[in-house]
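Trainee: If you want the building blocks of each chain, they are given just below.
Number of protein chains: 4
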Amino acid sequence: MTTAVLDNQKMKTFEEMESAVRSYSRGWPTIFEKAKGYKLWDIDGKEYIDFFAGAGALSYGHNDDVMQEKLIEYIKNDGVIHSLDMGTTPRKEFLESFKEIILTPRKLDYKIMFPGPTGTNTVESALKIARKVTGRDTVISFTNAFHGMTIGSLSVTGNSFKRQGAGVPLHHSVAMPFDDYVEDYDSIAYLERFLEDSGSGVALPAAIILETVQGEGGINAARMEWLKRVEEVCRKWDILLIVDDVQAGCGRTGTFFSFEPAGINPDIVCLSKSIGGIGLPMAITLIKPEYDQWGPGEHNGTFRGNNMAFIAATEALNRWKTDEFGKEIMKKADILRDAIESLIEAYPALNGEARGRGLMQGIAVHKDDLANEICAAAFKRGLIVETSGPKDEVVKFLPPLTIEEAGLKDGLAILEESIKEVLA
Amino acid sequence: MTTAVLDNQKMKTFEEMESAVRSYSRGWPTIFEKAKGYKLWDIDGKEYIDFFAGAGALSYGHNDDVMQEKLIEYIKNDGVIHSLDMGTTPRKEFLESFKEIILTPRKLDYKIMFPGPTGTNTVESALKIARKVTGRDTVISFTNAFHGMTIGSLSVTGNSFKRQGAGVPLHHSVAMPFDDYVEDYDSIAYLERFLEDSGSGVALPAAIILETVQGEGGINAARMEWLKRVEEVCRKWDILLIVDDVQAGCGRTGTFFSFEPAGINPDIVCLSKSIGGIGLPMAITLIKPEYDQWGPGEHNGTFRGNNMAFIAATEALNRWKTDEFGKEIMKKADILRDAIESLIEAYPALNGEARGRGLMQGIAVHKDDLANEICAAAFKRGLIVETSGPKDEVVKFLPPLTIEEAGLKDGLAILEESIKEVLA
Amino acid sequence: MTTAVLDNQKMKTFEEMESAVRSYSRGWPTIFEKAKGYKLWDIDGKEYIDFFAGAGALSYGHNDDVMQEKLIEYIKNDGVIHSLDMGTTPRKEFLESFKEIILTPRKLDYKIMFPGPTGTNTVESALKIARKVTGRDTVISFTNAFHGMTIGSLSVTGNSFKRQGAGVPLHHSVAMPFDDYVEDYDSIAYLERFLEDSGSGVALPAAIILETVQGEGGINAARMEWLKRVEEVCRKWDILLIVDDVQAGCGRTGTFFSFEPAGINPDIVCLSKSIGGIGLPMAITLIKPEYDQWGPGEHNGTFRGNNMAFIAATEALNRWKTDEFGKEIMKKADILRDAIESLIEAYPALNGEARGRGLMQGIAVHKDDLANEICAAAFKRGLIVETSGPKDEVVKFLPPLTIEEAGLKDGLAILEESIKEVLA
Amino acid sequence: MTTAVLDNQKMKTFEEMESAVRSYSRGWPTIFEKAKGYKLWDIDGKEYIDFFAGAGALSYGHNDDVMQEKLIEYIKNDGVIHSLDMGTTPRKEFLESFKEIILTPRKLDYKIMFPGPTGTNTVESALKIARKVTGRDTVISFTNAFHGMTIGSLSVTGNSFKRQGAGVPLHHSVAMPFDDYVEDYDSIAYLERFLEDSGSGVALPAAIILETVQGEGGINAARMEWLKRVEEVCRKWDILLIVDDVQAGCGRTGTFFSFEPAGINPDIVCLSKSIGGIGLPMAITLIKPEYDQWGPGEHNGTFRGNNMAFIAATEALNRWKTDEFGKEIMKKADILRDAIESLIEAYPALNGEARGRGLMQGIAVHKDDLANEICAAAFKRGLIVETSGPKDEVVKFLPPLTIEEAGLKDGLAILEESIKEVLA
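Chains as they are written, first to last, in our numbering: chain A, 184 to 607; chain B, 184 to 607; chain C, 184 to 607; chain D, 184 to 607.
To be clear, the hints were calculated from the coordinates, so they are not data collected in a lab. Predicted model, so just to flag it, every value in this text is computed and none were measured. Do not rely on the hints blindly, as some may be mistaken.
If several chains are the same, the list does not tell them apart, and a pair holds so long as it fits within one copy or across any two.
What the hints assert, rightly or not - Cross-link-like lysine-lysine pairs, in silico, DSSO-like; alpha carbons within 30 Å at most:
id, residue 1, residue 2
1, 195, 294
2, 574, 419
3, 550, 294
4, 510, 315
5, 294, 471
6, 290, 195
7, 294, 275
8, 193, 282
9, 510, 229
10, 253, 294
11, 504, 193
12, 315, 419
13, 510, 195
14, 217, 294
15, 514, 294
16, 253, 510
17, 290, 193
18, 411, 592
19, 504, 195
20, 217, 411
21, 592, 574
22, 259, 419
23, 193, 471
24, 411, 290
25, 504, 253
With the hints as constraints, model all of the structure from the sequences given.
Mentor: In structure tokens:
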């Protein structure tokens with residue numbers, strides 16, 4: 184029996200029983216069984232280096248030893264697993280650590296909301312409260328933004344395939360050009376022109392929502408200067424600034440919040456993915472106290488109290504007690520950036536363009552399907568890496584932040600071989 | 184220092200750091216630490232009987248021994264915790280068990296979608312696919328329905344406080360009267376009148392979405408006859424029937440799906456809450472194969488692969504291998520019903536009305552705040568029980584399905600004492 | 184050459200040059216040339232009795248002698264034809280006559296708005312101001328309502344063919360059952376149930392809009408008792424009551440406003456069609472002074488100053504200086520009602536049902552296309568009469584209010600012959 | 184008694200009885216009685232030169248002798264005044280003249296729809312049919328567009344004061360930058376960037392709607408090159424091109440259609456205002472035959488058959504039988520342009536900017552309220568001229584196309600005196 188047939192049989196359960204909506208199990212047709220750090224193994228014992236990290240949800244790597252221990256201990260002690268928004272010990276400890284380790288040192292003052300355990304929950308809660316406190320309905324989002332799949336979040340998401348999936352027209356949002364969207368055009372000047380002109384057809388919005396680095400939209404990193412100017416626009420017109428830091432936050436770009444180097448102070452911040460530490464569903468919405476005008480239970484949800492996530496989350500925060508972790512990330516980011524630039528230079532047929540910052544980088548290749556082919560070749564060689572961008576034109580690198588330099592280099596070596604094969 | 188002050192200090196972290204949106208920690212102002220079966224303990228060692236069960240997410244009770252063991256074993260073995268919709272061993276096993284134990288014996292044929300791990304995710308995915316396959320935008324929902332807090336789900340939710348929280352008008356939905364909504368009126372005749380009349384102002388909908396027992400809306404249980412007639416209406420006009428079985432499903436009413444006694448065959452079924460077995464975030468959407476017209480990744484989300492939930496979920500399904508579990512539930516349901524009726528008779532000042540079926544029952548009391556007062560008194564005595572209904576007018580009982588009869592009776596005894604106190 | 188071919192040639196210009204949207208020239212395929220009182224003549228000199236009256240826009244008949252004289256005089260004197268909302272002599276005279284003859288004797292106090300010269304303009308202006316002053320977005324309308332073809336008015340119109348013509352989903356409206364919509368159901372009890380229940384899914388509306396007799400929807404006349412109860416509901420919940428009196432107003436039912444017999448006092452009244460006296464485009468919106476919160480020019484339009492219409496309108500108001508005109512209308516309404524009942528009795532194959540009141544009556548025939556066939560047969564015999572209702576199931580009689588009794592009887596005789604032919 | 188008090192008494196009827204929405208009677212507080220050609224007289228016999236021409240509805244001047252005669256003759260002969268969309272002699276003659284004089288010589292092929300007699304009716308019909316034939320919902324409009332006051336038209340209108348008047352959020356439209364909107368930006372490049380990028384958040388639209396010269400939005404004239412490029416964009420992406428020629432059409436810019444010099448061929452054209460010849464309400468929608476996919480009566484309205492307007496309209500078309508009329512317009516346009524430039528040069532304090540083309544020109548003055556002050560001063564001196572633009576920052580000149588050169592110069596002389604006074 185050939186391997187292809189065996190592979191086919193291996194995936195039979197998924198093919199026959201799962202909805203056609205499944206996607207990753209198509210590109211990576213195997214069954215994963217174990218994982219540790221930056222590595223995964225499938226049921227055949229094959230090893231993979233992980234440059235995907237759960238789409239950014241596994242920034243602390245797979246199965247951190249300390250987190251594992253704490254989870255096991257909690258289960259053994261009959262800790263409360265599920266608690267909605269009741270008080271529990273892990274919730275209390277997370278709140279206190281988040282304040283002490285993250286907010287206070289950064290001089291940030293936010294109320295913490297548990298809006299349901301996914302990225303789209305935190306975005307929906309952010310949009311709701313922004314509309315409630317301003318009494319306005321429009322939210323300005325940016326080209327190639329990705330904020331989630333439920334109708335509210337989808338309204339501020341750019342991708343047309345995802346948007347059409349809504350089955351209804353999406354409203355109350357206006358798309359403006361992200362940094363560097365049209366070559367040589369100042370996108371902030373453009374935005375301001377629409378806001379200052381009472382005849383522009385664009386209403387004063389409740390909020391502007393943005394990702395500092397657009398993960399799904401093509402690893403587009405806004406310049407710090409641009410972020411500062413967006414904040415100035417918000418202040419000038421009394422618009423709330425929402426930073427969706429679901430993918431770029433929790434250290435992905437080298438600082439806990441991705442917006443720290445810009446020196447801005449968003450009114451609302453959305454966190455999910457790696458906030459849960461070990462990959463368990465969790466999300467929080469940070470809201471400036473003056474905008475925390477919710478009624479009790481006005482937004483709710485069954486899984487707001489995932490205590491196992493709180494335990495891993497609290498442990499993860501400990502990494503941020505000193506500057507060390509951030510420095511390591513930036514060091515590896517430099518290695519990654521150098522490697523990307525070398526590849527672009529070495530393989531001009533890629534017509535490659537370096538994108539991103541921190542450990543959220545990519546190579547945009549300007550040819551149909553090329554990025555997908557590279558990722559497929561990499562998978563065969565034992566590297567998990569996916570594409571990004573409206574046309575899947577970017578090979579996107581999201582290794583765990585905790586990856587060793589050796590692992591990073593091993594992965595990059597596989598990548599280069601894969602590029603070679605595909606271009607051959 | 185008085186206990187009140189101590190309590191105050193105990194909750195300080197939540198009061199100071201959490202958003203004003205928090206709700207349960209207001210009514211139950213303590214910090215829960217441990218839980219097992221139908222019991223909870225707080226940090227002061229006080230014991231509580233749980234008639235709430237995580238709003239229905241803990242139907243198998245807290246910390247089931249076998250589930251605990253399997254989770255610990257999985258963590259110890261470095262099992263993959265987070266996997267989006269990649270193939271993993273726990274996902275495969277869940278799919279196979281679900282088919283073998285649940286679908287096949289019930290002669291049901293569904294594709295299984297993992298839409299993100301919360302109730303509102305499954306509802307949003309159901310609405311999307313219904314709209315896509317029919318090309319229509321309207322969805323008919325019922326008075327006092329609750330389907331979730333994101334904009335799509337909120338559009339088919341009845342509660343005006345929750346709806347106003349949206350901050351934008353909610354569209355593409357029409358509210359029709361639930362079973363027995365207006366006394367002596369046939370709500371299906373009413374619905375049909377609107378559908379058959381091309382001048383009614385109500386468009387042919389993509390779908391009708393319903394809960395067989397409305398959990399948040401007041402423990403309103405539809406008659407089986409009514410459910411059958413809704414299905415007939417759907418067939419007659421080629422409308423998709425969506426059953427949101429997030430709260431009433433997974434055995435809550437005595438059968439795995441709450442609609443089984445009606446003999447209907449919904450086109451789409453939404454499951455969450457107790458599907459995850461031990462209270463971990465998980466949701467699935469069941470879609471008849473002919474309607475599974477998603478494109479790959481057309482609806483996605485980071486936490487669709489919560490493998491720890493899959494492990495507990497698979498273990499939970501084992502309970503359904505024989506009829507025994509269902510019979511036990513129904514036996515306890517009878518005890519609960521008898522107790523409710525006795526209370527109503529014994530305390531005419533309640534002006535009480537028995538509601539619900541299975542282990543999803545309640546007492547509607549027709550006096551402002553009375554239900555809240557009863558729940559507060561019960562909490563002091565060590566019983567966790569909450570209210571339901573548009574005016575919080577129902578005391579709602581959702582004990583774990585696994586509760587022992589003794590536990591059920593102990594809880595009911597506390598309830599009676601609490602009623603006595605409040606009526607005194 | 185046969186007549187059919189000749190007819191064909193006669194309509195060639197319309198068939199070739201006009202959009203497929205044209206409708207009346209299909210059912211009445213001739214070219215009309217002259218008209219006086221209740222009669223029309225086509226270019227072949229054929230005479231027609233008019234039981235259609237411009238869909239209610241010609242209640243004072245064609246080419247009233249005095250109106251003709253005044254128009255000719257105005258043109259000869261170079262009177263201002265078009266004036267937007269500038270002050271002109273005819274506008275001033277209309278305003279003063281309307282106050283003196285219509286409002287003051289009825290103890291009504293309204294500000295008069297000129298919203299653009301068509302029915303849909305006045306409805307759109309009514310919806311706008313109701314939403315503005317209440318700060319709410321929903322408007323409740325009724326099954327089989329017809330309020331106009333622009334997106335705002337269409338949102339509160341029931342007909343599905345018209346609604347689909349919008350090309351976009353229609354929002355901010357909820358359809359409730361009109362009087363007697365579901366047999367033996369009290370539609371007000373139903374409406375109140377939705378309003379009083381905060382979980383119903385229907386928000387407190389800005390306004391309720393209704394026609395007292397639904398002209399396009401099937402000549403459904405609400406009972407006065409029902410209208411009073413709608414007004415009570417509006418007062419109880421602080422909802423604005425809008426009466427769209429575009430077709431039923433200006434005396435069509437025997438009183439100037441169709442709602443007078445109910446003794447209600449709407450907050451906003453929409454008038455168009457016969458307000459212009461001789462069939463020239465004109466509309467007004469009457470708004471209680473406390474709700475007249477427009478900014479200058481907040482709603483505008485080029486043809487708000489159709490002075491020729493004002494002149495004919497002012498002359499038309501003179502008819503209402505005494506009770507005489509109303510009495511004559513009611514006398515003829517009785518003749519019409521008697522004739523309808525006789526026909527229903529004489530032709531049981533019609534399975535007929537008498538509808539309407541005043542000179543706005545109809546026969547509902549419960550068989551597909553029968554009403555259309557009767558109208559087609561009548562046209563051949565020289566009677567202009569059209570159908571109404573969601574399935575064109577009603578033969579609708581809207582003769583000029585000024586028709587002589589002889590004309591009414593002549594028309595009814597043609598109608599009977601047409602029924603005979605069609606049933607044969 | 185002072186004049187001010189007398190003036191006050193004169194306007195008393197309007198102030199007391201009309202809605203607060205009235206606007207022109209505030210800026211021009213008098214009662215107009217007679218009008219001929221380019222002149223108006225009020226009840227005190229004061230003469231005014233008309234540089235406003237009914238906001239463009241009186242391009243053929245007031246009370247054209249021939250039109251007056253034809254109207255009087257028609258009334259005397261008991262012509263059919265009101266006819267919905269029945270066949271009548273004036274409708275037939277208008278259709279035939281429009282084809283022969285306007286369409287055929289310009290090699291244009293359109294079906295003619297009578298959508299109701301106002302500008303907003305034709306725009307709503309255009310939007311509906313574009314959405315129906317494409318199956319798409321979004322329509323792209325431009326900054327500072329004005330298309331009408333009903334909800335559909337308002338959705339594609341830019342002015343925020345007007346939009347807020349809707350009382351509901353406005354949907355299904357996206358505002359793009361008009362020609363020269365942001366200095367040094369190529370607004371077409373921007374539009375194309377959004378269309379070509381499937382991640383832009385802007386869906387492929389049903390149509391692009393535009394005015395070639397924005398009348399209400401500030402007399403912004405698009406360059407012919409820009410119009411051509413918009414048409415190319417429409418062809419490239421299979422988007423319908425709608426030209427709203429309500430204000431700029433019917434010769435206002437020197438050619439019958441304002442888009443003729445650009446050599447484009449729109450899919451749908453909206454005409455109203457001066458199409459009715461003498462200022463009577465009328466509108467038509469021109470639709471390419473392949474897009475004329477209406478069902479009979481799918482869009483309707485009571486006043487689609489304003490026969491007096493058809494008579495004057497047909498007479499007006501006669502002006503276009505030769506090139507003469509267009510040449511005269513352009514000659515006067517040059518005079519107007521020269522005068523404007525002279526004023527700008529002579530009065531640097533105006534900080535003036537010349538706008539527009541044909542007899543649709545203006546002076547933008549960049550100082551708050553200055554334009555309003557100039558218009559008020561002009562009114563006192565006997566010149567009717569109004570402002571335009573989102574901040575009323577443009578003095579707008581729309582004299583009748585038939586104005587004699589002497590009249591034009593007299594008006595300009597008054598204008599100069601008014602400027603002098605205001606600047607003094």
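Trainee: Now tell me if each hint is right for this structure.
Mentor: A quick look at each hint next to the structure:
{"no.": "1", "hint": "195 / 294", "result": "between (47 Å within a copy, 13 Å between copies)"}
{"no.": "2", "hint": "574 / 419", "result": "between (36 Å within a copy, 20 Å between copies)"}
{"no.": "3", "hint": "550 / 294", "result": "neither (46 Å within a copy, 35 Å between copies)"}
{"no.": "4", "hint": "510 / 315", "result": "neither (40 Å within a copy, 48 Å between copies)"}
{"no.": "5", "hint": "294 / 471", "result": "within (6 Å within a copy, 43 Å between copies)"}
{"no.": "6", "hint": "290 / 195", "result": "between (53 Å within a copy, 21 Å between copies)"}
{"no.": "7", "hint": "294 / 275", "result": "within (14 Å within a copy, 40 Å between copies)"}
{"no.": "8", "hint": "193 / 282", "result": "between (47 Å within a copy, 17 Å between copies)"}
{"no.": "9", "hint": "510 / 229", "result": "neither (32 Å within a copy, 46 Å between copies)"}
{"no.": "10", "hint": "253 / 294", "result": "within (27 Å within a copy, 37 Å between copies)"}
{"no.": "11", "hint": "504 / 193", "result": "between (44 Å within a copy, 26 Å between copies)"}
{"no.": "12", "hint": "315 / 419", "result": "both (20 Å within a copy, 27 Å between copies)"}
{"no.": "13", "hint": "510 / 195", "result": "neither (45 Å within a copy, 35 Å between copies)"}
{"no.": "14", "hint": "217 / 294", "result": "between (37 Å within a copy, 27 Å between copies)"}
{"no.": "15", "hint": "514 / 294", "result": "neither (33 Å within a copy, 46 Å between copies)"}
{"no.": "16", "hint": "253 / 510", "result": "within (26 Å within a copy, 38 Å between copies)"}
{"no.": "17", "hint": "290 / 193", "result": "between (52 Å within a copy, 26 Å between copies)"}
{"no.": "18", "hint": "411 / 592", "result": "neither (35 Å within a copy, 54 Å between copies)"}
{"no.": "19", "hint": "504 / 195", "result": "between (47 Å within a copy, 24 Å between copies)"}
{"no.": "20", "hint": "217 / 411", "result": "neither (43 Å within a copy, 47 Å between copies)"}
{"no.": "21", "hint": "592 / 574", "result": "within (28 Å within a copy, 61 Å between copies)"}
{"no.": "22", "hint": "259 / 419", "result": "neither (54 Å within a copy, 54 Å between copies)"}
{"no.": "23", "hint": "193 / 471", "result": "between (50 Å within a copy, 24 Å between copies)"}
{"no.": "24", "hint": "411 / 290", "result": "within (18 Å within a copy, 55 Å between copies)"}
{"no.": "25", "hint": "504 / 253", "result": "within (19 Å within a copy, 34 Å between copies)"}
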